[in-house]
Amino acid sequence: MTHWLILPVMLPAFVAPFIILAARFHMGIQRAFSVAGVFAMIAVSLYLVIETADGTVMLYQMGDWAAPFGIVLVGDRLSTMMVLLMSVLALFVLLYSIGSRWDERGRHFHVLFQFQLMGIAGAFLTGDLFNLFVFFEILLIASYGLMIHAGGNARLRAGVQYVLFNLLGSTLFLFALGAIYAETGTLNMADLARRVTLIGADETVGIRVAAVLLLLVFAIKAAIVPLHFWLPSSYAEAPAPVAALFAIMTKVGAYAIIRVYTMVFPTDLEVTSGLHGDWLLPVALLSLAVGAVGVLAAKKLDRLVTFAVISSMGMVMVAVAIFTQESIASALYYMVHSTLAAGALFLVVDLVRHSRGHLDLVVDAPVAGAALVAGLFMVAGIAMTGLPPLSGFIGKLMVLNAAYDGGQMAWVWTVVLASSLIGIVGFARAGSILFWKAQSEGAPEPDPDRPAAPSALSFVAVGCLIALLLAHTVFAGQMYSYTSATAAQLFAPQDYISTVLDTPGKLSPATDAEVTPGLAPELDPSADGALDQGATPEGDT
Amino acid sequence: MELLVASAIGILTAAGLYMVMRLRTFPVILGIALLTYAVNVFLFAAGRLTKGAPPILRDVATYADPLPQALVLTAIVISFGMTAVVVMIALGAFLGTDDDHIDDETGPVAKGEDAR
Chain A
1 MTHWLILPVM LPAFVAPFII LAARFHMGIQ RAFSVAGVFA MIAVSLYLVI ETADGTVMLY
61 QMGDWAAPFG IVLVGDRLST MMVLLMSVLA LFVLLYSIGS RWDERGRHFH VLFQFQLMGI
121 AGAFLTGDLF NLFVFFEILL IASYGLMIHA GGNARLRAGV QYVLFNLLGS TLFLFALGAI
181 YAETGTLNMA DLARRVTLIG ADETVGIRVA AVLLLLVFAI KAAIVPLHFW LPSSYAEAPA
241 PVAALFAIMT KVGAYAIIRV YTMVFPTDLE VTSGLHGDWL LPVALLSLAV GAVGVLAAKK
301 LDRLVTFAVI SSMGMVMVAV AIFTQESIAS ALYYMVHSTL AAGALFLVVD LVRHSRGHLD
361 LVVDAPVAGA ALVAGLFMVA GIAMTGLPPL SGFIGKLMVL NAAYDGGQMA WVWTVVLASS
421 LIGIVGFARA GSILFWKAQS EGAPEPDPDR PAAPSALSFV AVGCLIALLL AHTVFAGQMY
481 SYTSATAAQL FAPQDYISTV LDTPGKLSPA TDAEVTPGLA PELDPSADGA LDQGATPEGD
541 T
Chain B
542 MELLVASAIG ILTAAGLYMV MRLRTFPVIL GIALLTYAVN VFLFAAGRLT KGAPPILRDV
602 ATYADPLPQA LVLTAIVISF GMTAVVVMIA LGAFLGTDDD HIDDETGPVA KGEDAR
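Chains as they are written, first to last, in the numbering used here: chain A, 1 to 541; chain B, 542 to 657.
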């Protein structure tokens, strides 16, 4: 068993305490270690992506305990891809926060940043639902700190909303987990996949409730309408680099939906068959539309971008909800694009804030160096709204193509195209107010509190994110074939399940039977008693 | 015992939800605490209710499932930490703006109502 798989979790878990213990008064050392940590993270996740690219499923058993008893980390194409995406985004966000000196405006920015990475990486890699809850909490508690970084009343108020909403979400998650455990007696995803199919047709009430509760929790994380209300004010009030990093957090919800609803509750499972088409697709289309209308209606640039994020999450969820192999492949392609585009846009918004002093969408004096910022805004806006030639366009095309054969084609095409148009109008309006109509009526008031202008490094960071978007466009063919392979792996989860459950370790069913022969029948998941008693294998250990 | 536990979970959840809908920080935090208690009891019940049984499987017929107990411990620790964080942030927001409403859109209006 190699230990590489746990490194994306362990690395930040060591870097963060080191920073807080040894370097808390030295910003330079903090920055050096934080950047070095993220670089190492990229290297490790690149290695994991290469290792799993041929379809291998990597398994890490914590403490060498075998699967349903111990907690496992599992790395397949999807999870390693998401970890790589997260670490690449984190690098440029970190460089931006150093370049714009956001990290100096409060304490412990780098520590919380590293803990945030730890939580997100863990959520992508874990193979256990309760462990997923724990990693959610790690990433959330770090995000609470990052969200109110640098303080300020508006930010604290938004922070209270954000924290309370997520606390409610966590409570709901626990209810879902309790219901699942009561029904199946396990929380390991691979083990669940096996056991859910064993539930009799007339005993599905509990597991259906649990499946819906779980979907609700992940929909909160993914900010799907009508569960999106936490997102606009918290992302708009959060410091810009933090909001850019949060671009990956909504994707954690989307990832969890894809993972759980391909493996545990697949479409061909009768118990939960209506969940994707009947429920997820309409709300996904609704989020797409609400996001687009929000873009058009926004009075401030940061709100506009947050609604663009909601809209693009709606786009991802539309593709997920169609739930064919092809649509999941395009959802993954679009997810990478939307993460990079949202990250770049939040950083561009911060550049605009620096040069104008405020973000209200009103005609104001032109600003120095507007050409570069305007150019960056335009490119990022084109990517976000899905205009050709950037990857947003290709991604939307893929989703439309995937929807072409399905019965909901009319709905999907209408809403996607209409909301794209509304989004484009919204971005064009904002861009023309900000940069084109700017008139020098009255001198701009100098803002005494305005922090130092962003250095070249910030522009380099934004430029790199946009360059990544370009690369994502140019290599769309290669990316799509990779995401197709990922989707194929997701739709054939037997490999994943057998790797998780059949890899020997301490207390694996085979060795356990030798120790306590009398208990062997109960450990067999197909035994009748295991399901309805809830006298579970975990209990037996 | 089933009725007692089930109604305890139900009452705690209902009270918690009611408090959360008050939309002022203090009741909401109390409501979330109540919801946390409800979910903790719910997790216990997920392992089936057993009385006076050991949580270790020896050669006895009945035993208590130890896994939900471990889950509840984790959940308690996490919710304790989270509650402490939210109390601090809410206190900071209240001291800064002199307003403990959670709904930001109606902030100024609500302030006027308070003065009345």
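Check before you lean on any hint, since a few could be wrong.
Examples of chain A residues toward chain B, derived with CB under 10 Å [stated by the list, open to error]:
#1 R24
#2 F25
#3 F130
#4 V134
#5 A150
#6 G151
#7 L156
#8 L167
#9 G185
#10 L421
#11 I424
Computed list of chain A residues with no C-beta within reach of chain B, every gap over 10 Å [stated by the list, open to error]:
#12 F18
#13 Q161
#14 G178
#15 E203
#16 H354
#17 S355
#18 A365
#19 A467
These are calculated hints, taken from the structure and not from any lab test.
Beta carbons are placed, not taken as given, at the ideal position from N, Cα and C, and that holds for glycine.
Consistency of the hints with the structure:
The beta carbon of R24 (chain A) comes no nearer than 20 Å to any beta carbon in chain B, farther than 10 Å, and the hint placing it at the interface is violated. Below 10 Å, beta-carbon pairs count as interface contacts, and F25 (chain A) has none with chain B, the closest being about 23 Å; its hint is therefore violated. This hint holds: F130 (chain A) has a C-beta 6 Å from the nearest C-beta of chain B, less than the 10 Å allowed. Interface hint at V134 (chain A): satisfied, since its Cβ lies 7 Å from the closest Cβ of chain B, which is below the 10 Å cut-off.
The restraint placing A150 (chain A) at the interface with chain B is violated, with a minimum CB-CB distance near 13 Å, outside the 10 Å limit. Taken as an interface hint, G151 (chain A) checks out: its beta carbon lies about 8 Å from the nearest beta carbon of chain B, inside 10 Å. For L156 (chain A), the shortest C-beta to C-beta distance to chain B is roughly 4 Å, which falls under 10 Å, so the interface hint holds. Interface hint at L167 (chain A): satisfied, since its Cβ lies 5 Å from the closest Cβ of chain B, which is below the 10 Å cut-off.
Residue-level restraint check for G185 (chain A) holds (minimum Cβ-Cβ distance to chain B is 8 Å; threshold 10 Å). Contact between L421 (chain A) and chain B, as hinted, is not supported at the beta carbon level, the nearest pair being about 28 Å apart and thus beyond 10 Å. A cut of 10 Å between beta carbons decides the hint on I424 (chain A): the least distance to chain B is about 27 Å, and the hint is violated. Interface exclusion of F18 (chain A) from chain B stands, the closest Cβ pair being 22 Å apart, more than 10 Å.
Consistency note on Q161 (chain A): stated as away from chain B, yet its beta-carbon is not over 10 Å from all of that chain's, at 6 Å minimum. With a cut of 10 Å on Cβ distances, G178 (chain A) falls inside the contact zone with chain B, its closest approach being about 4 Å. Non-interface call for E203 (chain A) relative to chain B: holds, since the shortest CB-CB distance, roughly 15 Å, exceeds 10 Å. For H354 (chain A), the non-interface assignment is confirmed: its Cβ lies about 24 Å from the closest Cβ of chain B, beyond the 10 Å cut-off.
Once the 10 Å rule is applied to beta carbons, S355 (chain A) is consistent with being away from chain B; the minimum gap is 27 Å. No beta-carbon of chain B is positioned within 10 Å of the beta-carbon of A365 (chain A); the least distance is around 29 Å. A cut-off of 10 Å between C-beta atoms confirms that A467 (chain A) is not in contact with chain B; the least separation is 37 Å.
The structure fails to meet hints 1, 2, 5, 10, 11, 13, 14 from the earlier list, while all remaining hints are met.
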